[in-house]
Amino acid sequence: MQTAHGIGDPLAAVWGVGVRFPNDVEALRDVDCTLRTGELVALVGPSGCGKSTLLRVLAGLAQPTTGTVEIAGRPPAEARREAAPIGIVFQQPTLLAWRTVARNTVLPLELAGVAGATRDADARALLEAVGLAEFADAYPHQLSGGMRMRVAVARALVHRPALLLMDEPFAALDELTRETLQEELLALRARHGFTTLFVTHNVFEAVFLADRVLVMTPRPGRVVGEVAVPFGRTRDAELRADPAFAQLAGQVARRLREAQA
Amino acid sequence: MRAAPLAVFALILLAWHAAVVAFGIPPYLLPGPATVGAEAWAHLGELVRASAVTGAAALLGFLLSLGGGVLIAFAFAQSRVIARSLWPYAVFLQTVPIVAIAPLIVIWSGPGFRSVVLVTWLVGVFPIVTSGTAGLTAVEPELLELFRVHNASRWQTLWNLRLPNAVPHLMAGAQASGGLSVVGAIAGEVFAGYGSSARGLGYLILLTSGQLKTAYLFAAVLACTLLGLIAFGTLTAVGHAIGSRWRDPA
Numbered sequence: 134m135q136t137a138h139g140i141g142d143p144l145a146a147v148w149g150v151g152v153r154f155p156n157d158v159e160a161l162r163d164v165d166c167t168l169r170t171g172e173l174v175a176l177v178g179p180s181g182c183g184k185s186t187l188l189r190v191l192a193g194l195a196q197p198t199t200g201t202v203e204i205a206g207r208p209p210a211e212a213r214r215e216a217a218p219i220g221i222v223f224q225q226p227t228l229l230a231w232r233t234v235a236r237n238t239v240l241p242l243e244l245a246g247v248a249g250a251t252r253d254a255d256a257r258a259l260l261e262a263v264g265l266a267e268f269a270d271a272y273p274h275q276l277s278g279g280m281r282m283r284v285a286v287a288r289a290l291v292h293r294p295a296l297l298l299m300d301e302p303f304a305a306l307d308e309l310t311r312e313t314l315q316e317e318l319l320a321l322r323a324r325h326g327f328t329t330l331f332v333t334h335n336v337f338e339a340v341f342l343a344d345r346v347l348v349m350t351p352r353p354g355r356v357v358g359e360v361a362v363p364f365g366r367t368r369d370a371e372l373r374a375d376p377a378f379a380q381l382a383g384q385v386a387r388r389l390r391e392a393q394a
Numbered sequence: 417m418r419a420a421p422l423a424v425f426a427l428i429l430l431a432w433h434a435a436v437v438a439f440g441i442p443p444y445l446l447p448g449p450a451t452v453g454a455e456a457w458a459h460l461g462e463l464v465r466a467s468a469v470t471g472a473a474a475l476l477g478f479l480l481s482l483g484g485g486v487l488i489a490f491a492f493a494q495s496r497v498i499a500r501s502l503w504p505y506a507v508f509l510q511t512v513p514i515v516a517i518a519p520l521i522v523i524w525s526g527p528g529f530r531s532v533v534l535v536t537w538l539v540g541v542f543p544i545v546t547s548g549t550a551g552l553t554a555v556e557p558e559l560l561e562l563f564r565v566h567n568a569s570r571w572q573t574l575w576n577l578r579l580p581n582a583v584p585h586l587m588a589g590a591q592a593s594g595g596l597s598v599v600g601a602i603a604g605e606v607f608a609g610y611g612s613s614a615r616g617l618g619y620l621i622l623l624t625s626g627q628l629k630t631a632y633l634f635a636a637v638l639a640c641t642l643l644g645l646i647a648f649g650t651l652t653a654v655g656h657a658i659g660s661r662w663r664d665p666a
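Listed in order, the protein sequences are those of chains A and B.
Each position in the first sequence, counted from 1, maps to that position plus 133 in this note's numbering.
Each position in the second sequence, counted from 1, maps to that position plus 416 in this note's numbering.
These are computed hints drawn from the structure, not numbers from a lab.
We put the CB at the ideal spot given by N, CA and C, even for glycine.
Be a bit skeptical, because a hint or two may be false.
Stated by the list, open to error - Residues on chain B that point at chain A, a partial pick, calculated with CB under 7 angstroms:
no. : residue
1   : E462
2   : L559
3   : V565
4   : H566
5   : N567
6   : A568
7   : Q572
8   : P580
9   : R661
10  : W662
Said to hold, decoys possible - Now the in silico label distances, taken between C-beta atoms and shown as ranges:
no. : chain 1 : residue 1 : chain 2 : residue 2 : range
11  : B       : V464      : A       : E267      : 30 to 36 angstroms
12  : B       : R570      : A       : A305      : 42 to 48 angstroms
13  : A       : L309      : B       : E558      : 50 to 56 angstroms
14  : A       : T198      : B       : R570      : 23 to 29 angstroms
15  : B       : A499      : A       : E215      : 47 to 53 angstroms
16  : B       : E558      : A       : E159      : 22 to 28 angstroms
17  : A       : T198      : B       : W571      : 30 to 36 angstroms
18  : B       : A499      : A       : R387      : 31 to 37 angstroms
19  : B       : V654      : A       : E211      : 55 to 61 angstroms
20  : A       : T198      : B       : S495      : 36 to 42 angstroms
21  : B       : P513      : A       : S277      : 50 to 56 angstroms
22  : B       : V654      : A       : A305      : 33 to 39 angstroms
23  : A       : G141      : B       : S495      : 41 to 47 angstroms
24  : A       : A271      : B       : E558      : 53 to 59 angstroms
Full structure from sequences and hints, please.
The structure is reproduced here in structure tokens:
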């Protein structure tokens, strides 16, 4: 059930999650957080603080040592099979070099056993949405870094996931491309209404994209602060020039410094 | 710059010819290039027939190496336990000299085409196994995670990720294996032969060296080299055609 703001019931929740690796490194300690349906939450923290580990726990790729993780009321590995499909974007585009753009985009549907005609139409629609329709038959090595990342985003959304997990997806791109992709992500989210966890170490990126920003400490990572971003859902490039934007980014940066102290 | 290797070839022929004439080397020790050419021309039919026989054995052995090697690589890539327990035997097969094994194969399998192909397979399979195993296991961890997030089955991951990821590795392995297959077929023929029904290049080499027909022997060796070059050239061209699609985006 969604409220008037489009923010609904909790989709994913993490209670008291700790992760300790076999080499005895403690990545996360006692992390609580909730992602409500339709919301975009940014997770900021110093590098190596366990942000990615938390994302991987939500994806069902890493097992928490302590605590509970639920997506749509089930463990992630179970939820992503039925109730809540997951899309994931890493820092690198991680495209299959031997597949064309169209065949890369269609991969999640192929793996889910969706029939050929439907999946090709879905892939085409998403490629159009990220402005790559005319590159459908190109191979990844023929594209620029920004275009490859657009393919990765299209691939992560093609199966209409309930939860989109993004692990510093734009960190390796140049400033201009990064800002364009941020705006495109907001447009996609307005159209498709997926829930997003967006990991970044860039406070401007976090504030521009997110409804809420969670601040993490260095390892073992804990969520120690939350900053609400009151700019509504329709944001454009103009927001970056807004003094309120800079002020909020400054506030998040301060919280981040405090967390490191 | 394509002409450069040909120029070197011409220089070598000239030096060879000059040395044979200048030092008066008898033709049963070292025939001049002209003598070898004349001998090759005189026995052209026999040389072509022998090359075809050897080529067929090498090709079949190579294809079996490719198929068998990929299957073995699959098994190795499936579990570390399998790979660890079988690896020493694969290395053993590779390091034991083929001249020591070939007579055994003739004892077990009898002289003839089958034994020649078997020797070829033993020589050619190892590069496919190593390159295949490397290609199937050296997959970017994030790609494996992507497949897990999309609930891919083991089979889907193998077919859509591990196998295509192994293709460039396998192409490199196939190039090595193709060259070795020609060597293996010739070695197999030296030991196993085909009886009186057919004569391969290995048999020709054995025959001509026994009778001190050194110029003919040179011609046969030349045919072996040509066969190896054809194998290498073909596989390089195929590798190039496939490689253009497999280029890494990074």
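Status of each hint after checking the structure:
Contact between B:E462 and chain A, as hinted, is not supported at the beta carbon level, the nearest pair being about 45 angstroms apart and thus beyond 7 angstroms. The interface hint given for B:L559 holds, since its Cβ lies 5 angstroms from the closest Cβ of chain A, which is under the 7 angstroms cut-off. Taken as an interface hint, B:V565 checks out: its beta carbon lies about 5 angstroms from the nearest beta carbon of chain A, inside 7 angstroms. Proximity of B:H566 to chain A holds as hinted, the smallest CB-CB distance being about 5 angstroms (cut-off 7 angstroms).
Here the hint on B:N567 is kept, as its CB sits about 5 angstroms from the closest CB of chain A, short of 7 angstroms. Annotation: B:A568 was flagged as interfacial toward chain A, and the flag holds, the nearest CB pair being 5 angstroms apart, inside 7 angstroms. For B:Q572, the interface hint holds, since its Cβ comes within 7 angstroms of a Cβ in chain A; the closest pair sits about 6 angstroms apart. Using the Cβ-Cβ criterion of 7 angstroms, the hint placing B:P580 at the interface with chain A is satisfied: the shortest such distance is roughly 5 angstroms.
For B:R661, the interface hint holds, since its Cβ comes within 7 angstroms of a Cβ in chain A; the closest pair sits about 6 angstroms apart. Nearest Cβ of chain A to the Cβ of B:W662: about 5 angstroms, under the 7 angstroms cut. The hint holds. Checked against the hint of 30 to 36 angstroms, the pair B:V464 and A:E267 fails, with Cβ atoms roughly 52 angstroms apart. Range check, B:R570 to A:A305: about 31 angstroms between beta-carbon atoms, so the 42 to 48 angstroms window is missed.
As the Cβ distance of A:L309 to B:E558 is approximately 25 angstroms, the hint placing it in 50 to 56 angstroms is violated. Between A:T198 and B:R570 the C-beta distance comes to about 26 angstroms, which sits within the given range of 23 to 29 angstroms. Evaluation of the 47 to 53 angstroms hint for B:A499 and A:E215 yields a failure: the beta carbon distance comes to about 35 angstroms. Range check, B:E558 to A:E159: about 23 angstroms between beta-carbon atoms, so the 22 to 28 angstroms window is met.
Separation of A:T198 from B:W571 is about 31 angstroms and conforms to the stated range, judged on CB atoms against 30 to 36 angstroms. The hint said 31 to 37 angstroms for the Cβ distance between B:A499 and A:R387, and at roughly 52 angstroms that hint is violated. For the pair B:V654 and A:E211, the beta carbons lie near 45 angstroms from each other, so the given range of 55 to 61 angstroms is not met. Taking the beta carbon of each, A:T198 and B:S495 are about 26 angstroms apart, not inside 36 to 42 angstroms as hinted.
For the pair B:P513 and A:S277, the supplied restraint of 50 to 56 angstroms holds, since their beta-carbon distance comes to about 53 angstroms. Evaluation of the 33 to 39 angstroms hint for B:V654 and A:A305 yields a pass: the beta carbon distance comes to about 34 angstroms. Restraint check, A:G141 to B:S495: a C-beta distance of roughly 44 angstroms satisfies the suggested window 41 to 47 angstroms. Between A:A271 and B:E558 the Cβ separation comes to about 22 angstroms, which falls outside the hinted range of 53 to 59 angstroms.
Hints 1, 11, 12, 13, 15, 18, 19, 20 and 24, counting from the list given before, are not met by this structure.
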